[in-house]
Amino acid sequence: MLTADPAGARRFAALRARLAPLAPAQAAPALRELASSVRRDDLQMVYRAGLGHLGGDFSVTDILVTLYAAVLNVDPVCPLLAERDRLVLSKGHTAGALYATLAHCGFFARDELDTFAAPQSALNGHPSRTKVPGVETSTGPLGHGFPVAVGIALSARLQGSPRRTFVVLGDGELQEGSNWEAAMTASHYGLSSLLAVVDRNGLQQGARTEETKQLEPLAAKWASFGWEVREVDGHDHAQLLDTFRRPGTARPVAVIAHTVKGKGVSFMEDRVQWHHKVPTAEQVQGALQELSL
Amino acid sequence: MSQATQATALHDCRRAFADTLIALAREDERIVAVCNDSVGSSNLTAFKAEFPDRMINVGIAEQDLVGVGAGLANGGLIPFVSAAAPFLTGRALEQIKVDVAYSQARVVLCGQSPGMAYGELGPTHHSIEDLSWLRAVADLPVAMPADPVQTVAAVRWAAANPGPSYLRIPRFPVPDVTPPGSPFRPGQAIQLMDGNDVTIIAAGTMVSRALDAATLLRHEGIGARVLNITFVEPLDTVAILAAAAQAAGIVTAEEATTTGGLGAAVASLTAQHQPARLRILGVPRSFAPTGSTAFLLEHFGLTTGHIAAAARDIMAHAAR
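Protein sequences, first through last, are from chains A and B.
Numbering-wise (my numbering), the first sequence opens with residue 1 and increments by one.
Numbering-wise (my numbering), the second sequence opens with residue 1001 and increments by one.
Source of the hints: derived by calculation from the structure; they are not laboratory data.
Built from N, CA and C at the ideal position, the CB exists for glycine as well.
Not one of these hints is a red herring.
Sample of chain A residues facing chain B (criterion: CB under 7 Å; computed from the structure): (1) R129; (2) E136; (3) P141; (4) H144; (5) E181; (6) T185.
Each pair of labels, with its calculated beta carbon distance range: (7) A/N124 - B/Q1188: 26 to 36 Å; (8) A/P247 - B/D1028: 22 to 32 Å; (9) B/G1163 - A/V278: 30 to 40 Å; (10) B/D1313 - A/A82: 54 to 64 Å.
Every beta carbon over 10 Å from chain A, so not counted as near; a handful from chain B, in silico: (11) R1156; (12) D1176; (13) D1194; (14) D1313.
Using the sequences and the hints, build the whole thing.
Written out as structure tokens, the structure reads:
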């Protein structure tokens, strides 16, 4: 199990304290800057390792950064505090974005990212709960994180705890039936402390979701399962922060975050081939420039 | 061990499971039960009456069942996830692997009505593959209580165990076989009868039949050692290798397929460390015909007579 980077954790605590009182629009610039740094680390990590899922990493980065830096009540130095908020990344193949975010928050040292996918590294291609602090449950096969998040939210309710549970789902992932089992359970139990974010980038491994197996009308599906549905621009940090800060009232909340796969790098954006393509050295230079603007 | 040959009283492990879970829940508020519309078939009606909030029913949804269990464990609770063994282990196998074992979530998986307990309901409802499947999953102890005494011990052990576990709870009534004070520990078999000619290693519902067989053999002058293996994962390798070294051979008996359960585990262990004559009794790789549990156990050779015959066969080969 990796351990916290104390200096990184202190910087993270300071950032959280600074952002906490700010209105979403005021907090957004700092979140944007952090997200660019996370994308740069992720890009270089995937390039070094020769594998990864940059397309989905970049569509989910703004969601993860907003949650960790400005919403979740978590402490990288004590990652297992009973009353922490929980985040489950159900789309586990975007581990790169999660690792880079966790490292920026001080859950472990940023130079640990250099080991991504190397022999014996804690940083597997998919996140492991027993190796990486901040990972609440191991994910990878799709359709696993959501039921676990429902169980976490149920535990909070049974214990009378105000802690919140967030689960980040891929859109293609919603083709797995287990998600809809979980959606039914959450609404049956009225788990208003649970918020599910759908990274709606419209693409899955081989094609558009709507060409592969249609998800629309997606908002209506969630609503019919008894969820409060919100739709936001998944790259607009102010919108993300505003919606994440507001728990549901009586029902669980589904946030459909409209995103772009490969967001931030022009030649990757909305291109299906960048699901798990690895950039060349030249492409990395170009991408780093775009991500530094 | 005269009990084995007398008309012995039969006892209900499901009742022992339910009563123990209620007793534990009174002591420890972290204990919760999770089921898939199986409140009745998991014998959890009384639990629900006493702890309505702590009885979570996810409906007919086994993937959700196991995932929710892992989430409850993440939140600091101790979930007993209970469902008919074929659906719990078959439908939710990947959840067991990823959410429970790989994530090391403190979930107690309770496989109810395992083996061929559902007799005439047919192969869809038989759980004979679960031992093969779950033995293949790392870091997941697989316990098979043989009687109510061991069922009580299994539930208490699992509740105190900081990691995940699978308990295979027998459905049809069985005689008491476990001496008072016997340990219940991963990797520790319980020797129920001593003997140096042949060893019978059994699990779960087959243990009482193994004892009866050993009693028959004793009357014939064959000393049969009987081991209740209790955990098919991790195995008691010391007891098995000692038996392989000291006796003419080993008979294994389990209400499961022979492809990857107890017999296969004993075969793999002994072949590598202490080759021994083996007779592996269980269900061959086939779907059962229609019939009651008793019919099917007879059909597949899982009776006292078949176990004794296998031991005699070993003795006959050893004498050549």
